Structures are given as structure tokens and as C-alpha cells.
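Colleague: So you can see what is in the structure, the chains are spelled out below.
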Amino acid sequence: MKRRNLLQRILCFSVIVVFMSIPAWGADTIKIGVLGPMAFTQGEGHWNGATLAADEINAQGGVTVNGAKRQIELIKVDTNEFLSVPDATNAVELAISRFNADFLTGGFRTEAVTVMQDIAMDNKKIFLGCGAAHPELCERVATDYNRYKYWFRVTPINSKFLVKVDFILLGTVAKIMATQLNIPKIKVAIVAEQAAWNEPIVSVAQKKLPEMGMEVVGVWRPSPVATDVGAELSAVQRAGAHIIFTSFSSSVGIPFAKQLGELKIPAAPVGINVEAQKQSFYDATGGKGDYTLTINTYARVKITDATIPFFDSYLKRFGEAPNYTAGTYEALHILKEAIERANSLDSDKVVMELEKTDRPGTAGRLVFTKDHDVTWGPGYVTGLGTQWQDGKNQCVWPMGWEGVTYEGVVPYKLPPWIVEHYKK
Amino acid sequence: MLQDIIINGLVNGSIYALLAIGFSLIFGVARIVNIAHTAFYMLAAYFIYIGFHYLGAPPVLAIVLAVPATVLTALVCFRLFIDPIQEHEAAVLIATIALAMVIQEALLVVFGGHYLGVPPLISGYVELLGVRVTKQHVLALGFVLVALALVWVLLMRTRIGLAIRVTAQDREIANLMGMDVRRVAMVTMAVSVMLAAVAGAIVVPLTVLDPHMWMHPLIMMLAIVVLGGVGSVKGSLLGSFILGFAEALVVFLIPMGAFLKGSVALSIMILVLLIRPEGLFGVAFEEER
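Protein chains in written order, with the numbering used here: chain A, 1 to 424; chain B, 1 to 289.
Treat the hints as calculated values from the structure; they're not laboratory data.
Just so we're clear, the structure is a prediction, and the values are computed from it rather than from any experiment.
Using N, Cα and C, we set each Cβ at its ideal position, and we do this for glycine too.
Don't take every hint at face value.
As the list claims (entries may be wrong) - Subject to a maximum C-alpha distance of 35 Å in a straight line, what follows is the list of computed DSBU-like cross-link-like pairs (lysine-lysine):
no., chain 1, residue 1, chain 2, residue 2
1, A, K392, A, K336
2, A, K185, B, K135
3, A, K185, A, K423
4, A, K356, A, K31
5, A, K423, B, K135
6, A, K187, B, K135
7, B, K135, A, K175
8, B, K135, A, K392
9, A, K336, A, K302
10, A, K185, A, K264
11, A, K356, A, K76
12, A, K175, A, K125
13, A, K349, A, K336
14, A, K31, A, K336
15, A, K413, B, K234
16, A, K76, A, K302
17, B, K135, B, K234
18, B, K234, A, K423
19, A, K207, A, K164
20, A, K125, A, K31
21, A, K31, A, K316
Stated by the list, open to error - Away from chain A, derived, C-beta distances all over 12 Å, residues of chain B:
no., residue
22, L108
23, V146
24, L162
25, V251
26, L274
Unchecked claim - Pulled a few chain A residues facing chain B out of the computed Cβ check, cut under 7 Å:
no., residue
27, T41
28, V219
29, R221
30, T227
31, R238
32, I254
33, L263
Make the full structure from the sequences, and use the hints.
Modeller: Structural data, given as C-alpha cells:
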């Protein structure tokens with residue numbers, strides 16, 4: 001009987017301790033739901049960037065609200081949005097209703113983020129987007145401010161500006177080829193994966209390139225998940241292209257670069273190749289990805305004073321360079337600053353302070369537009385052009401563009417087999 | 001352009017043939033529709049990746065280790081999941097789908113959704129009829145011929161080959177005559193998966209590893225075996241090259257529709273089936289046996 005009483009007392013004591021602890025957890029921390037496809041590189045970027053920022057903020061005591069320091073508690077929410085949009089909606093519901101997230105960050109696929117955005121807005125939760133580039137996400141803020149004001153895009157620059165950078169990079173390489181190899185008229189093959197986001201890029205490119213003094217020799221649209229593009233590359237070579245204007249966001253970017261390098265096709269790849277932004281690209285292509293030029297967000301150059309320390313800390317801690325979804329690092333820091341200025345966790349008050357953000361961020365000076373998008377241009381976030389050179393992803397642009405040159409930028413290099421081919 | 005289509009068609013066809021022959025063999029002999037066939041192709045590629053990146057083995061050694069490891073894994077799976085239900089073809093079909101999904105999810109857990117690569121056996125390219133082809137592609141083309149020769153020798157010139165053919169002809173009679181039909185099915189499974197594993201070793205250095213890489217080749221392989229006549233090895237070979245050439249034609253004739261090359265290939269399959277429902281060699285193969 002004595003033993004039974006003792007057990008009952010221990011049980012009661014445990015229950016009381018647990019129940020007393022719950023309000024304490026809730027009061028001391030600010031919960032941030034990090035949303036992303038966690039089994040994939042993009043989700044890892046979301047989580048790693050947020051972890052790095054949370055650790056830095058917590059090491060300094062946390063976020064000051066009403067004179068009290070509160071620690072940041074991250075909640076890892078796997079949206080699985082690569083494979084299933086419904087999974088993403090369930091994940092954000094889970095983050096809000098079960099884990100009681102105070103704020104949200106992350107998201108990758110526009111199709112998924114659009115729905116996640118709606119759920120967050122319905123719950124008046126601030127959602128700092130770090131992955132989806134479609135302009136529509138911010139246009140919603142402009143058209144229905146009261147509903148969508150809780151949404152801000154931290155990274156990347158929206159796809160309209162991505163296209164602008166795309167054409168600037170293409171023009172830069174065309175100029176280098178024309179000058180160095182004495183090619184009077186540059187011929188361009190457009191190779192763009194078959195996806196909705198590419199439709200405007202392909203149609204604009206077909207119109208814009210002749211205006212830029214170049215000739216379009218053909219358009220090839222492989223599947224985003226094509227595993228062999230040998231036939232496409234043969235056709236591009238047969239068409240006599242000097243430059244291949246790429247537009248890949250999916251896995252096709254790897255076999256494309258791998259086979260291009262293996263076959264030494266005499267045409268320089270320029271454009272968007274999301275896979276080439278990752279550190280693992282070089283290994284995945286077996287080293288054949290050298291000379292691939294792509295738009296990027298991060299590189300080890302001095303965009304602002306914050307860039308290189310962030311890049312180095314990330315590389316040291318996670319063993320790879322940050323990809324653009326690691327902008328969650330920036331998101332957490334601007335959120336901390338906004339909360340402290342608002343001196344409140346109230347969404348409406350924090351929104352007002354987030355709108356005042358002007359921070360020398362890791363990808364450039366971060367100032368939000370009226371529709372809560374990233375401001376693009378000289379003096380703000382510009383985006384980067386990075387090229388794989390001898391196994392290193394080097395920043396090659398901007399270099400003198402609109403007076404902007406980041407410290408650490410190196411010159412673009414033409415693939416040696418192209419130089420050899422056209423110098424003959 | 002003609003030479004481009006010929007060379008690319010041959011290269012595409014040879015890669016598909018490597019997979020389709022093994023699939024056709026196990027169906028022709030044991031009536032097992034092994035949907036996990038391309039999952040074993042994927043598994044072999046990951047074993048090579050492990051051997052090369054984690055164990056530091058040179059590419060050839062990584063392949064030499066990966067092929068038997070894949071075959072061993074397949075045989076264990078066969079004993080555990082397929083053998084007990086082998087008499088029920090629909091159940092086998094579903095079990096192999098489940099097996100493929102399990103392999104996919106296991107790889108996703110271990111390696112994540114990252115795109116990985118393995119090194120080629122031979123680097124560089126050669127020019128055939130003025131068309132640049134990677135040496136690894138040429139190796140794939142050559143290996144199809146070797147694989148076919150080996151399969152022919154196995155089936156026609158060995159005792160186990162005789163047993164395989166007899167079992168394929170009539171499993172029940174073979175059993176009544178005292179043959180160990182389960183053992184024959186296992187041997188056939190081993191040969192079939194070995195072909196898939198070698199296909200993985202030859203093809204994957206040209207492309208990219210990820211846990212979903214088994215799906216596209218599976219669809220193409222099913223189209224090929226249906227087109228060629230289910231269970232017919234030579235039908236699979238012919239079907240592989242028909243679809244390989246169809247893909248090359250699409251890329252060169254309608255570049256804006258290059259993404260349609262898979263769909264066009266599948267449409268050809270449907271067209272052939274409308275005219276000849278048993279496939280190109282369906283009946284002929286039955287008569288051969």
C-alpha cells in the first residue's frame with residue numbers, strides 16, 4: 001500500500017511540474033515556423049539560415065520586448081512542397097494551430113507559397129517569404145493591402161528583375177565573345193526547361209535578343225527532369241550557336257552542364273541554372289560544370305559588410321555555401337529589429353516597423369517596396385552573376401555595371417575549348 | 001541532321017535496351033512484372049556513389065562492388081516479398097510497386113533530395129559521322145551488344161539456361177518433372193537485376209542521381225516491352241531503338257517540343273498496339289519457346 005501511495009505522489013508531482021512549465025515555455029520564447037521542403041537543399045537552406053540567425057540572436061540574450069529578453073524558438077515545418085502542394089498547406093496549418101508559431105518564414109514553390117500565404121494572412125501571421133520569386137505574391141499586397149500586408153518577400157528579387165539580370169549577363173558575355181574572338185554577330189540558342197515560369201522569358205528573349213544585335217538560332221524546351229540532353233546539345237551545335245541562353249530551375253541543369261562539358265560544345269552557357277548556385281553542383285557534374293554562368297544571390301564578395309562574415313559562418317557551420325533560401329537568416333534579423341522597434345509581438349505593429357526596414361543585409365541593402373517586395377537596383381539588392389571557375393563558384397557580375405563593383409568580383413572566363421574552336 | 005538523328009537514336013535506344021532486356025527476361029521466364037526493376041537500377045547507382053564518395057574506391061572498383069550488392073539486395077527482397085506470392089501476378093505487381101516506393105523513401109531519408117553524381121568510366125567524347133558522342137554513351141552502345149550476347153549464351157548454351165527456358169514454357173510441368181522452379185526464378189531474377197545494375201553503372205555517370213530517378217526510365221521501359229511484345233527479349237531490343245529514334249526525331253524536327261519526346265514515344269507505342277495488340281514480337285516469341 002505504501003509503495004502505491006508513493007507512486008501516486010510521484011505521478012501527481014510530475015503532472016504539476018509539467019503543467020507549471022507549459023506557460024513558462026510560452027512566455028519566454030518567440031516561436032518562428034520555418035517552412036520549407038526539408039528533405040531538399042532548398043529546405044535545408046531555409047533551416048540553416050534561420051538556425052544561424054536564431055543562435056546569434058539568442059547568444060546576445062534574445063529579442064527585447066517590453067524590457068524583457070525573449071529567446072527565439074524555431075519550429076521546423078516540412079512543407080514537402082516539391083512533391084505535394086496539399087502537404088504544404090497542411091504544414092502551415094500545423095505551424096499555426098498546433099505549434100502556435102508567432103511568425104512564419106520560408107516557402108519555395110510559388111504554387112505552394114500562394115496557398116500558404118493565404119492561410120497565414122487569414123490568421124494575421126507575418127510571413128517573411130524566402131524562396132518564391134513570382135511577382136504576384138507581392139502584387140497581392142498592393143491590390144488588397146489590409147489582407148496581405150503581413151506578407152514580405154526577403155529573397156530572392158522577383159522574377160521580373162531576375163529576367164533583367166539575365167539579359168544583362170547575356171549581353172556581357174556576348175560582348176566579351178565578340179571582342180575576344182572577333183565574332184561579328186553572336187548566335188544564341190535558347191534552351192529553357194518546359195515550365196510555366198519560362199514562357200515569358202522565352203518569348204521576351206526571342207524578341208529582345210535581335211534588338212540586342214544577336215541572332216536566335218533556335219529554341220529547345222527539354223523536360224525539367226530530363227536526364228539526357230545529348231540530342232539537344234547536338235542540335236545546338238549543329239545550329240552554330242556561340243552562346244546557350246539557359247533557363248533551368250530543376251534537375252535538368254545538371255545533366256545539361258555535365259554533357260556540355262563532356263562534349264565540349266563550343267557554346268558558352270549563360271542564364272539561369274538554379275542547380276549551379278549550389279556548392280554540390282560541381283561534384284554532381286563530376287567537375288564538368290566549370291564555366292557555367294548563372295544568376296545567384298550569395299557569393300564570397302563584399303556586397304555589404306555583412307556578406308562575407310555571413311558567408312564564412314555558414315560555410316564553416318554547414319560545410320557548404322548558402323543558397324538563396326538561406327535568406328531566412330536575414331528574415332530573422334529584420335524581424336528581431338522590427339519587434340524591438342514596435343516593442344510588441346502584435347502583427348499589425350510589427351508590420352508597420354518591418355515596412356521601415358533599411359538594413360545593409362547579406363545580399364545587399366534591404367529596403368521593402370510599397371508592395372513589400374525587395375527593392376532591386378544599384379545601391380540596393382542587385383543579384384549576382386556567378387561562374388564556376390576551377391571548381392569554385394566565383395562572382396563575375398556586377399563588375400562596373402551602373403557604377404557597381406563588389407569587392408572580390410573576378411573577370412568572366414570563356415571556356416578554353418571555345419577559345420580554341422573560334423581562334424582556329 | 002540525318003547523321004545526328006541516327007547517332008542520337010542509337011545512343012538513346014541502347015540505354016533503354018539495357019533496362020528493357022532485363023525486365024523482359026524476368027517477365028518472360030517467371031511471369032513477374034517487376035516494377036521495382038528500375039528501382040534496382042537506381043539502387044546500383046547509389047551503391048556506386050557510396051563506394052566512390054564514402055569508401056574512396058576508384059570508379060571501376062565501386063561498380064564491381066555495387067553490382068553484386070544490388071543483386072544480393074534484390075534476391076533478399078525476392079525471397080521476402082515476391083516468392084511467397086509468386087503465383088498471384090496482381091499481388092506481385094503491387095508488391096514490386098511497394099518495394100520500389102520503399103527503396104525510394106529509404107534513399108530519400110538517407111541522402112535527402114539532393115542531386116548527386118558519379119564519375120564516368122571513360123571521360124571525353126568521340127566524333128561519329130561528325131556528331132559528338134561521349135565515350136560513356138559509346139560504352140553503353142557497346143555494352144548492349146555484349147549483354148545480348150551473354151543473355152543468348154546463358155539461355156541457349158548452359159544447363160541453367162535450358163532450365164530457364166523450360167520453366168518459361170510451362171512452370172507446372174517443369175515442377176512436376178522435378179525441377180526446382182523457385183531456384184530457376186531466383187537465378188533469372190539475379191540475371192535480370194544484374195543487367196539493371198550494370199545499366200545503372202553505365203548510364204548514371206551521364207545523368208544525375210536522385211531518389212525519384214527510377215520513375216521516368218520505368219515508364220519508358222514499360223512502353224518498350226509492351227511495344228516489343230511482353231516477355232520478348234528481341235522485341236524489347238527493337239522497341240528500345242524505335243523509341244530511341246522517335247525521341248531523337250522529336251528533338252531535331254520540333255525543338256520547341258523537345259519536352260514531348262517521351263509523350264511522342266508513348267504515342268507510338270499506343271499506335272502500334274492499336275494495329276497489333278500483342279506488340280511487335282508477342283506471338284513470335286511464344287512460338288519460339
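Colleague: Out of the numbered hints, which ones does the structure contradict?
Modeller: 12, 15, 18, 22 and 25
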